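Produce the complete structure using the sequences and hints provided.
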Amino acid sequence: NMRRYSCSDEYLSISKAMEGVRIVNGLECKLSCSNSK
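Going from the sequence shown to the working numbering is simple: count from 1 and add 1068.
No false leads were mixed into what you were given.
If you anchor each label on the Cβ, the simulated ranges turn out as follows:
#1 I1082 - S1102: 29 to 35 Å
#2 S1076 - S1104: 40 to 46 Å
#3 K1084 - S1104: 26 to 32 Å
#4 D1077 - S1104: 37 to 43 Å
#5 E1078 - L1099: 30 to 36 Å
#6 I1082 - N1103: 28 to 34 Å
#7 N1103 - S1076: 38 to 44 Å
#8 C1101 - S1081: 27 to 33 Å
Bear in mind the hints are in silico, worked out from the structure with no lab data behind them.
Computed from a predicted model, the values in this text were never measured in an experiment.
From the three backbone atoms N, C-alpha and C, an ideal C-beta is built for every residue, glycine too.
Set out below in structure tokens:
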């Protein structure tokens, strides 16, 4: 039971990290787009 809980915690932390990466990538894309103009 505890193992399953830690697994879901790990999945949540990974999905949060991926979401953060996606946000950073979006910001970098906006910056590069505005810089190229």
